[in-house]
Each structure stands twice: as C-alpha cells, then as structure tokens.
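> Those protein sequence lines, which keep their order, are chains A and B.
With the first letter of the first sequence counted as 1, position 114 gets the number 303 in our numbering; the numbers rise by one all the way through.
With the first letter of the second sequence counted as 1, position 130 gets the number 176 in our numbering; the numbers rise by one all the way through.
Take these hints with a grain of salt, some might be off.
Subject to a maximum C-alpha distance of 20 Å in a straight line, what follows is the list of computed PhoX-like cross-link-like pairs (lysine-lysine) [to be verified]:
id	chain 1	residue 1	chain 2	residue 2
1	A	Lys195	A	Lys223
2	B	Lys570	A	Lys256
3	A	Lys256	A	Lys223
4	A	Lys256	A	Lys238
5	B	Lys472	B	Lys590
6	B	Lys432	A	Lys219
7	B	Lys570	A	Lys252
8	A	Lys270	A	Lys238
9	B	Lys432	B	Lys472
10	A	Lys223	A	Lys296
11	B	Lys519	B	Lys386
12	A	Lys223	B	Lys76
13	B	Lys590	B	Lys629
14	B	Lys590	A	Lys256
15	B	Lys519	A	Lys296
16	B	Lys570	B	Lys519
17	B	Lys386	B	Lys317
18	A	Lys191	A	Lys223
19	B	Lys473	B	Lys519
20	B	Lys472	A	Lys256
21	A	Lys238	B	Lys432
22	A	Lys270	A	Lys219
23	B	Lys386	B	Lys361
24	A	Lys219	A	Lys195
Covered stretches of chain A, going by a simulated chain B footprint (3 or more residues, C-beta under 8 Å) [to be verified]:
id	segment
25	265-274
26	296-306
It is worth saying that the hints were derived from the structure and are not from the lab.
Beta carbons: idealized from backbone N, C-alpha and C, even for Gly.
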Amino acid sequence: MKTYAKFAFLVVAIIGALLWLAVGGISESKTYYKTIDELASMGSSGYGKRVRVTGDVVPGSIKRAGKEVHFTICEKGKDSKLNVVYMGTEPLPDTFRDEAQAMADGKLDPSGVFHASSIAAKCPSKYEAAPTGKPVQQPLNGAPNRAS
Amino acid sequence: MENLGALAILLAFCLSVYAIFGSVIGAWKKRPFLVVSARRAVYGMWAMLTLASGLLVYGLMTADMRLSYVASHVNHAMPTLYKFAAWWGGQEGSLLLWSWLLATYAVIVLVSTRGRFREMMPWVITTLMVTQCFFLILNAFVEPPFKVLAVGKGIVAVEDGRGLNPLLQYWAMAIHPPMLYLGYVGFAVPFAFALGSLITRQPGEAWIHETRRWTLVTWLFQSTGILLGAGWAYAVLGWGGYWGWDPVENASLLPWITATAFLHSVMMQEKKGMMKIWNMVLIAATFFLCIFGTFLTRSGIVSSVHAFGVSAIGKYFVTFIALGLAATIWLILDRLDYLKSEAHLESVVSRESAFLFNNLILLASCFAVLWGTLFPVVTEAVMGEKISVGAPFFNRVNVPIGLFLLFLTGVGPLIAWRRSSVESLKKAFLWPSAGGLLTIALLAALGVHHVYALISFGLCVFVTWTVAQEFWKGAAAISARTKQNMVAAMIELTHRNTRRYGGYLVHMGVVIMFIGFTGAAFNKDTTVEVGIGQSFQLAGYDLKVREIRDGDNPNYAWQHAVVDVTVKGQHVATLEPEKRVYKASRQPTSEVAIRRRLNEDLYLNFASMSQDSPDKAVMQAYVFPLVSWIWIGFWVLFFGTLVCLVPPKTKLAYARTQVVGVVTKHATVEK
C-alpha cells in the first residue's frame with residue numbers, strides 16, 4: 190500500500206500545482222463581457238477592469254495616428270457610443286472596417302476612452318449571409334431561410 | 047438535380063435507421079440474415095451519400111447559382127480548387143462531408159473486418175450507425191445542402207455568388223478542414239469497437255490491436271489537421287501567431303490530447319492488462335470531444351474569431367452528447383467486472399508509473415483547455431455574467447504541462463517495467479542529464495535568461511540524447527552481429543520493432559516542435575509608417591520600401607509593397623507583402639511576406655496605407671526565431687507515425703510473461 194500512498198502524494202502535488210497556476214491565470218486574464226450601456230452604467234467601478242465590449246464600428250470613425258488606431262463603436266438601435274483607442278502590436282483583422290461588428294478587449298480609463306489591447310471583428314454581413322442586392326430569396330423546399 | 051440530392055440524403059437516412067434495427071435485432075435474436083442485410087444497408091447508405099456529395103460538388107464546380115449553398119460560397123472567378131473546397135466552406139456542406147466521411151469509414155471497417163469479430167460486429171455497426179443517423183438528421187432536416195433560391199414559386203439563379211471567404215482561399219485551408227474531419231470522424235471507429243467489446247464482453251485484447259491502428263491513423267490525420275490550421279494562421283491571418291487558444295482551435299486540440307493519452311495507456315492494457323476502465327473512458331472521451339468539437343465549431347455557442355453563423359443545431363448536439371454519454375457511462379459501470387485490472391502498480395519509479403503520469407498530465411491539460419474554453423458559458427450559468435479567460439491562462443497552465451511531458455518523453459521509454467534500480471537509472475540517464483544541464487548552463491552563460499526557454503532547451507537535449515542512445519545501442523548490437531554499417535543497422539533495428547522505434551521518431555518530432563515553440567520567447571516586432579524610399583530597422587534587418595504597386599484581376603484587386611531587405615549592407619531578399627480586396631465578398635485580406643530561415647523568420651505585413659499621409663505605408667515587421675522547426679518537427683512526427691504503422695519484421699510476443707506471477711497471485715486472491 191505504501192506505493193499507492195506515494196502515488197497519491199505525487200498526484201495531489203501535481204494537481205495542486207496546476208490548480209495554483211490555473212487560478213493565477215484566471216485572475217490575470219479574466220475578461221468581463223459588457224455592452225456599451227453596461228460599461229457606462231458601471232461608473233468608476235469599471236475603470237481598470239479587463240472588459241470585452243462589442244459594438245458596430247461607426248462609419249468613417251476609424252483614424253490611424255502613428256501606432257494608434259482610434260475608432261468609435263455603437264450599439265445597433267441605441268445612441269450610446271464608445272471611443273476606442275487600439276495600441277496593440279498585432280495588425281488589425283482584415284474584417285475590421287466601417288460597420289463591422291468589433292469586439293474590443295481592454296480597459297476603460299476615467300476620461301471615458303476605452304484602451305483596447307486586442308480587436309476581433311466580424312464582417313458586417315455575416316459569413317453565412319446571402320448575396321446583397323439580389324432578389325428576395327426564399328428556399329423552395331420548405332426549409333427555414335437562415336440565409337438572411 | 048437538387049431533388050435527387052435531397053432524395054439521396056433522405057434514403058441514406060432511412061438506410062442508416064434500418065442498419066441500426068437490423069444489427070440490434072439480428073444480434074439479439076441471433077438472425078444472421080438480418081445482420082447481413084444491415085451490413086448491406088451500410089454499403090447502400092454510403093452509395094447514397096456519395097451520390098449526394100457528388101451532386102453538391104458538381105453544383106459547386108459548375109457554379110450552379112440556383113442553389114443557395116453554391117451562391118453563398120462560390121463565385122465564377124474563383125479558382126477550381128477553391129470551388130471544390132467550398133464543399134466544406136460552409137455549414138451544410140461540411141456537415142455533409144462529416145456524414146460522407148463517417149459512411150466511408152464504416153464501409154472500410156466492414157470490408158476490413160469481414161469474417162472476423164462476428165459476435166461484436168453488429169454492435170460496432172450499431173454504434174457507428176447511431177452516430178451516422180444523428181448526422182443524417184442534421185443533413186436531411188436541419189441543414190439541408192440542396193436548398194434552392196426562389197422568388198415566389200419560381201427557382202431563380204443569381205448572377206454571381208459571394209465566393210468562398212477569402213481568408214479560406216489558401217492551399218493549407220483547402221485541406222485543413224477535411225484533415226481535421228478525417229480525425230474527428232475517425233475516432234468514431236475505436237469508440238464503436240470499444241462499445242462493441244464492452245457489450246459482448248469480448249475476451250482478450252484482439253479488439254484493442256484492431257483499433258490501435260485505427261487510432262494511430264486517425265491521430266495522424268488529427269495532428270496534420272491541427273498543424274495545417276496552425277500553418278494557415280501563421281501565413282494567412284497576418285498576426286504572426288500559429289496558435290491563439292481560440293475556442294475552435296481548442297476544440298480540435300481536446301480530442302487530440304485524449305487520443306494521445308489513449309495511444310500511451312493502451313500499451314499498459316496490451317502488455318500488462320492494466321488500466322482497462324481508464325482506456326474505455328479515454329476512447330469515449332475522445333469520441334465525445336470530437337462531437338463536442340464539431341458542436342463548438344458549428345453552433346456558435348462560444349464567440350470565436352472563426353465567424354461561423356450562429357445556428358439552431360446546438361440543441362441537437364447537446365441532446366446527442368447527453369444521451370450518448372449516459373449510455374456509455376451506464377455500460378461501463380454495468381460491466382466493471384469485465385474491465386478488472388490484471389496487475390498492480392509496484393513502484394513509483396517504473397514504466398507503469400511514467401505512463402500513469404503521462405496520462406494524468408495530459409488529462410489535466412485537456413481539462414484546463416476545456417475549462418478555459420467553456421469559462422464564459424459556465425460563469426454565465428453560475429454567476430449570470432459572462433467572463434472569458436485569455437491566452438495567459440492557457441499558457442500558464444499548459445507551458446509547465448508541456449515541459450513535464452517533454453521530460454516524461456525522455457524518461458518513460460527507458461525506464462524499466464515494474465521497478466527500476468538506481469543502477470539502471472544511472473546507466474540510462476547519466477549522460478543525457480549531463481548533456482541537458484550543460485546546455486542550460488551554456489545558454490545561460492550566453493545571455494538567455496528566460497527560465498522556461500532554458501528548461502525547454504535543456505529538456506530537448508536530454509530527450510534527444512536518450513533517443514539517440516537507444517538507436518545507437520540497438521544498432522551497435524545488430525551491427526556487431528551482422529557486420530552491417532550503422533545506418534543499415536539502424537534501419538534494420540527500426541524495421542524489427544516499428545512500433546517502438548517509430549514511437550521514438552514521433553517523440554523526436556515532438557522535441558523538434560518544442561524547439562520551435564520555445565523560439566516564441568524571443569519574438570520581436572515593430573510597427574512603422576514609412577514612405578517610398580524610406581527604410582526602418584528590426585533585429586539587425588534593414589528594411590527599405592522600394593515601391594508600392596497595385597493591380598486587378600477578376601477575383602480581387604491588390605496593392606503590394608516591394609521591400610528590400612538588407613543585413614549589414616548585404617541585400618538578402620526582396621519581400622512583397624500584399625493587400626487584397628476580394629470583389630465578390632468585398633472583403634480585404636492581407637497576404638504577408640515571410641522570409642523563412644532555420645534560425646528565424648522575417649515576417650512582413652502590409653497593414654494599410656497611412657490615412658494622414660497617403661504616400662506612406664503602415665508596415666508591421668516581426669522576427670520569429672525558430673518557427674520553422676515546428677513544421678520540420680511535424681514532418682518528423684508524420685514520418686514516425688507512418689513507421690509505427692509498418693508491420694514489424696519480427697513478430698514480437700508481448701512481454702506478458704513478465705507479470706504471470708502477479709496475475710496468478712491476484713487470481714488466487716479472487717478465488
């Protein structure tokens with residue numbers, strides 16, 4: 190039985206070490222998902238927390254200044270807007286452009302500007318979307334039309 | 047044509063249902079004719095699915111714009127290869143590919159096991175066909191690939207389609223999904239064999255030998271798929287990384303981890319009759335993680351850079367996984383007596399123990415990745431708030447795990463079964479350890495102070511040394527007897543025991559890949575705005591933008607920068623990173639330019655033209671040390687796995703005799 194006790198000890202030690210690493214990793218990189226409105230309503234408690242905000246890029250708002258990229262995102266059908274500055278080293282995704290749905294990870298500073306460390310973006314029309322400017326399409330064989 | 051395709055899918059569905067009932071009732075009531083008819087139903091189903099797939103591919107190749115799937119994934123100007131690849135470019139098509147591959151695997155299983163495993167086969171067919179049936183429900187009723195475009199009651203064709211997502215128009219991406227799917231789908235076969243043996247309480251390990259080969263082939267496909275994905279991300283996505291811990295990447299990694307664990311622990315079952323329950327659990331986990339991976343990729347449950355459409359298929363997958371898991375767990379619990387271990391662990395310093403820790407650590411990694419991937423879902427359910435974790439979490443847990451695994455890679459194969467003496471340990475590990483430590487000391491003296499990087503390089507030398515030592519010792523023995531030269535002796539050695547020495551080669555591949563991974567600790571980058579004729583510097587490279595050209599072709603418009611690269615005044619290369627805008631989808635993409643060398647890659651991305659001064663270009667330059675070794679390591683791993691699949695020249699009797707004493711002792715206790 191002594192062998193099994195040794196095993197148990199080693200297993201517990203390994204799992205313990207990994208748990209410790211995992212907890213550290215979670216607290217270092219946990220990111221809250223917030224809408225623009227939610228972020229605004231958090232007030233000062235929102236400063237300095239890692240947050241992921243999603244919104245549509247306001248057309249014409251993308252400005253590059255040296256390494257910084259400034260843009261504004263808004264939520265569909267709402268007035269709230271958020272100014273974002275991106276200063277990361279990774280190039281912006283190709284899908285990032287006017288009206289794209291952008292997902293910005295970063296922190297809000299007290300002046301109300303969101304400092305993003307990474308940006309992900311989806312095309313304005315989804316990958317699965319139908320061709321635009323074409324006749325209204327309805328599948329014939331009764332399947333629900335997911336394409337629009 | 048679309049009607050024929052839809053009909054073929056429906057018929058395939060009916061045949062799969064028939065095959066399930068035919069095999070179950072045939073096996074239960076002992077009606078061999080029913081079982082035979084079920085087998086034929088499987089062939090028929092395969093033919094139907096081949097017909098449906100053929101029709102879809104024909105539609106794509108001929109750009110039949112009446113079909114909704116074709117219109118949204120193909121445009122006329124697209125190269126033929128990508129028209130074909132559009133088969134798996136979207137939801138409906140890739141689910142059809144899943145079904146077709148599973149059917150193909152099922153047919154291969156039936157043909158290759160003809161006349162064997164008579165008792166077990168009906169249940170193998172049942173398991174495969176239940177899975178098949180599930181996917182055919184999706185193909186036939188939820189995501190039909192043969193929808194047509196219509197206005198009112200008339201079928202219409204659009205003039206041109208949207209084209210395949212431009213990011214997917216890259217050679218590696220054209221074969222990455224089918225490779226990954228070959229992996230995903232293939233794991234259904236070992237699972238089916240496992241369930242079959244469990245249901246019929248197969249004596250012996252014959253089914254294990256049968257499935258090991260399958261698992262190995264499938265594992266190879268999965269590895270290839272993952273690596274192609276990494277290579278694609280590196281060369282196409284433009285951020286210079288090959289792995290970002292994205293949910294979809296994680297989904298492909300999870301079953302790979304459990305399959306790797308299975309490939310190791312199955313040796314324990316073959317050689318010592320141990321860990322039988324554990325192996326069952328691993329096979330089942332691998333299979334369900336494959337389904338789960340497809341679910342994750344296809345349902346949009348976790349937000350991912352892979353911008354697949356959110357769809358309604360999620361609930362079908364959840365139901366299938368829940369029912370399947372429940373049935374599997376019940377079967378395992380009900381047949382625990384059949385899975386009784388035949389031997390015990392005897393020492394912490396033994397081969398068994400190395401396998402055990404290998405498994406423990408792989409599973410820990412798998413769990414960490416799964417947990418991190420599902421963290422937003424879990425926190426939303428528990429705390430009502432979505433919280434995600436990023437790359438730092440995954441790296442923090444998985445880097446030490448990776449290093450520990452690397453260590454075991456060196457230790458495991460050399461340590462003795464049952465228990466090792468201090469003497470034998472010294473003999474096996476003295477020089478490799480010295481080599482490893484010396485490497486660390488040398489690199490530290492040269493100014494490398496990254497702790498993980500130092501450990502990693504040290505371990506790489508350690509493992510390489512142990513593997514080389516094994517080959518050398520074996521070959522020297524053969525060469526002394528047969529007077530062959532060492533190279534011939536090594537080939538002879540490998541041929542005699544392909545599993546063992548092929549395995550060493552796979553380990554070497556992993557070591558080489560680790561060298562490449564470790565290079566990431568020394569990455570450098572810069573982002574600059576430069577005008578034509580100006581230059582900038584990064585890590586000893588002098589980069590000068592000579593000119594910026596633009597042009598146009600039917601598929602896309604392009605603009606590219608011509609950049610001269612000089613090192614210490616010597617012109618070494620001209621790189622031409624490019625920006626494209628695809629016409630059909632109106633999507634811009636970047637084509638990075640990479641100067642690949644063994645020591646480091648110079649990676650150049652033409653981000654855009656500057657908005658403030660329109661004659662300046664925004665350039666991003668990166669230096670990635672050692673990245674090429676990842677791809678080299680993969681080829682070694684690939685070759686090693688192929689070697690493992692070659693039948694050995696000398697049939698080895700499994701060293702079961704070693705533990706006879708323990709088995710009998712164990713057996714008498716039971717009486």
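> Could you tell me which of the hints above the structure violates, numbers in ascending order?
Checked against the structure, the hints that fail are numbers 1, 3, 4, 5, 7, 9, 11, 12, 13, 15, 16, 18, 20, 22, 23, 24, 25 and 26, while the rest are satisfied.
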